[in-house]
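Protein chains: 2
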Amino acid sequence: MRRIEVIGVEGLGEIESGDPLGRLLVEACTRLGVDLLNGDVLVVAQKIVSKAEGRTVDLREVTPSAEASRLSAELEGKDPRLLELILGESRRIVAKGRSTIVVETHHGFVCANAGIDLSNIGVHRALLLPKDPDGSARRIREEAQRLTGTAAGVIITDTFGRPWRLGTTDVAIGVAGFGPLIDYRGQTDPYGYELKASVTAVADQIAGAAELVMGKTGRVPAAIVRGCELPQHDGSAQELIRPAAVDLFRGR
Amino acid sequence: MRRIEVIGVEGLGEIESGDPLGRLLVEACTRLGVDLLNGDVLVVAQKIVSKAEGRTVDLREVTPSAEASRLSAELEGKDPRLLELILGESRRIVAKGRSTIVVETHHGFVCANAGIDLSNIGVHRALLLPKDPDGSARRIREEAQRLTGTAAGVIITDTFGRPWRLGTTDVAIGVAGFGPLIDYRGQTDPYGYELKASVTAVADQIAGAAELVMGKTGRVPAAIVRGCELPQHDGSAQELIRPAAVDLFRGR
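Protein chains in written order, with my numbering: chain A, 1 to 252; chain B, 1 to 252.
Keep in mind the hints are simulated off the structure, nothing from the lab. The model shown is predicted, which means the values in this text are computed figures rather than measured ones. One or more of the hints may lead you astray.
Claimed, not checked - List of simulated lysine-lysine pairs, DSS-like, C-alpha gap at most 30 Å:
| id | chain 1 | residue 1 | chain 2 | residue 2 |
| --- | --- | --- | --- | --- |
| 1 | B | Lys131 | B | Lys96 |
| 2 | B | Lys131 | B | Lys216 |
| 3 | B | Lys196 | A | Lys131 |
| 4 | A | Lys216 | A | Lys131 |
| 5 | B | Lys131 | B | Lys78 |
| 6 | B | Lys216 | B | Lys78 |
| 7 | B | Lys196 | A | Lys78 |
| 8 | B | Lys196 | A | Lys216 |
| 9 | B | Lys78 | A | Lys196 |
| 10 | A | Lys96 | B | Lys196 |
| 11 | A | Lys196 | B | Lys96 |
| 12 | A | Lys216 | A | Lys78 |
| 13 | B | Lys131 | A | Lys196 |
| 14 | A | Lys78 | A | Lys131 |
| 15 | B | Lys216 | A | Lys196 |
| 16 | A | Lys96 | B | Lys96 |
| 17 | B | Lys96 | B | Lys216 |
| 18 | A | Lys96 | A | Lys131 |
As the list claims (entries may be wrong) - Some residues of chain B that are not near chain A, with every Cβ distance over 10 Å (derived):
| id | residue |
| --- | --- |
| 19 | Arg60 |
| 20 | Glu67 |
| 21 | Leu87 |
| 22 | Lys131 |
For glycine and all other residues, C-beta sits at the position ideal for the given N, C-alpha and C.
Okay, chain A solo, but in the shape it has when bound (with noise of 0.2 Å):
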């Protein structure tokens, strides 16, 4: 019987700048009596991530550009600092809303706010995504394996939401030690029809399932997926992006 399972992984308490990630979610699965298992995918938010990595902001301490100020009158005064910060993070904009604005990050995803957070850091504070979400999770997998031996793959996720449908989902933004993309191109299914768009983001479906555990309340900021069928080689969050070629929605 196919069976998947997922663990939420909990009591890691408040984390800070500096914090050895790695060996603390190694701790607190050991705490929980769980060991990661080659094959596992050990699930972690985004939001602890960058808090180990120091990329929180004191809004007090940002100066808007004029452009950011021009940004806030457009956009019902949306606070012009958070916009400074958005635009620093962005290659470009994608798409205006009343008081939304969604853009391309330096990393190539396409999110609202560049997925600086407000919620979960305290006062005055945001939080802005890992520089380069793939090394964060290759440095919490190498870590991993050297406490317990085992080779655990890594996604961090990020919550987005999505253009046509309401309500949002968790998505891969770092990947180490598996293929985020199962491709069936090329297969014939049991009639011979060759399948020719089925490439299907099992990272971003993982992301999503340990959301399931993980929730929005930032006590179970990470989460074990155990028993996916994972493409092997060692992939990037990176393929998950859409080039602009075959992009549709380009925006302006």
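Here the structure of chain A is known, so what remains is to put chain B in place on it, guided by the hints.
This is chain B only, laid out in the frame that chain A set:
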């Protein structure tokens, strides 16, 4: 410890028009030795729902309209009979690529090809989405409850692409027995910051989690997802559709 299980439901055999899908699913669970429990979500692939509901079309019996033929010339000779079906299932065209067409279906879902499948059906055959996927979910839920006495949620899933990310993820196109969105708005974080934009598409994340065991081979067309926290009202997949007023990517 927060824990979720995803269990593949296989052994249903080839589904034909008129098959009693609710009963077949319950029987398959019984053969696997897995009892549906209250609070479980039974996730069912659209493909077997559409087959059971007789939504198969013989492409040889489709006569393309002038518009379908014109579109075919525009889209690298894409089968004009398929385009005729796509237009018939759609409210409007959202975008066109080289050989890709993204539409809004009569249900309101924005997806490629109006969700029409050519794989795993047989030569010359196309499979349309269920006319009323919420109704399909409700009928499966009621039949399962009648046979087992258990109140499970039901999701009908389909496989959708995403505009800025490669690879597909499964999403909910039909829902019964629970609410597909978890709304955190108005709650405050531990620092007193009010969560403003936090609505989670739990049904879509469950759909993606189920795909991790279902895959694309057709052998595992359903799954049980156990242990999720679910909004308790009897919801609809319509709740997942972003209204036009807050859609920044309406297309042409």
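Here is what the structure says about each hint:
1. B:Lys131 <-> B:Lys96: Distance ~24 Å between Lys131 (chain B) and Lys96 (chain B) Cα, so the pair holds.
2. B:Lys131 <-> B:Lys216: Answer holds: Lys131 (chain B) to Lys216 (chain B) is near 23 Å, not above 30 Å.
3. B:Lys196 <-> A:Lys131: Answer holds: Lys196 (chain B) to Lys131 (chain A) is near 25 Å, not above 30 Å.
4. A:Lys216 <-> A:Lys131: 23 Å, holds
5. B:Lys131 <-> B:Lys78: 24 Å, holds
6. B:Lys216 <-> B:Lys78: Holds. Lys216 (chain B) to Lys78 (chain B) sits at ~23 Å (cutoff 30 Å).
7. B:Lys196 <-> A:Lys78: At roughly 13 Å apart (the allowed maximum being 30 Å), Lys78 (chain A) and Lys196 (chain B) satisfy the hint.
8. B:Lys196 <-> A:Lys216: The given pair, whose Cα atoms are some 12 Å apart, holds under the 30 Å limit.
9. B:Lys78 <-> A:Lys196: 13 Å, holds
10. A:Lys96 <-> B:Lys196: 18 Å, holds
11. A:Lys196 <-> B:Lys96: Roughly 18 Å separates the two Cα atoms, so the pair holds.
12. A:Lys216 <-> A:Lys78: At roughly 23 Å apart (the allowed maximum being 30 Å), Lys78 (chain A) and Lys216 (chain A) satisfy the hint.
13. B:Lys131 <-> A:Lys196: OK: Lys131 (chain B) and Lys196 (chain A) at ~25 Å, within 30 Å.
14. A:Lys78 <-> A:Lys131: With Cα atoms ~24 Å apart, Lys78 (chain A) and Lys131 (chain A) stay inside 30 Å; holds.
15. B:Lys216 <-> A:Lys196: Status holds; Cα separation ~12 Å.
16. A:Lys96 <-> B:Lys96: Distance of about 22 Å is within 30 Å: holds.
17. B:Lys96 <-> B:Lys216: Since the Cα atoms of Lys96 (chain B) and Lys216 (chain B) sit roughly 25 Å apart, the hinted pair holds (cutoff 30 Å).
18. A:Lys96 <-> A:Lys131: 24 Å, holds
19. Arg60: Arg60 (chain B) is indeed farther than 10 Å from all Cβ atoms of chain A, at 15 Å.
20. Glu67: 20 Å, holds
21. Leu87: At roughly 18 Å from the nearest Cβ of chain A, Leu87 (chain B) sits farther out than 10 Å, so the non-interface label holds.
22. Lys131: Fine: 20 Å to the nearest Cβ keeps Lys131 (chain B) off the interface.
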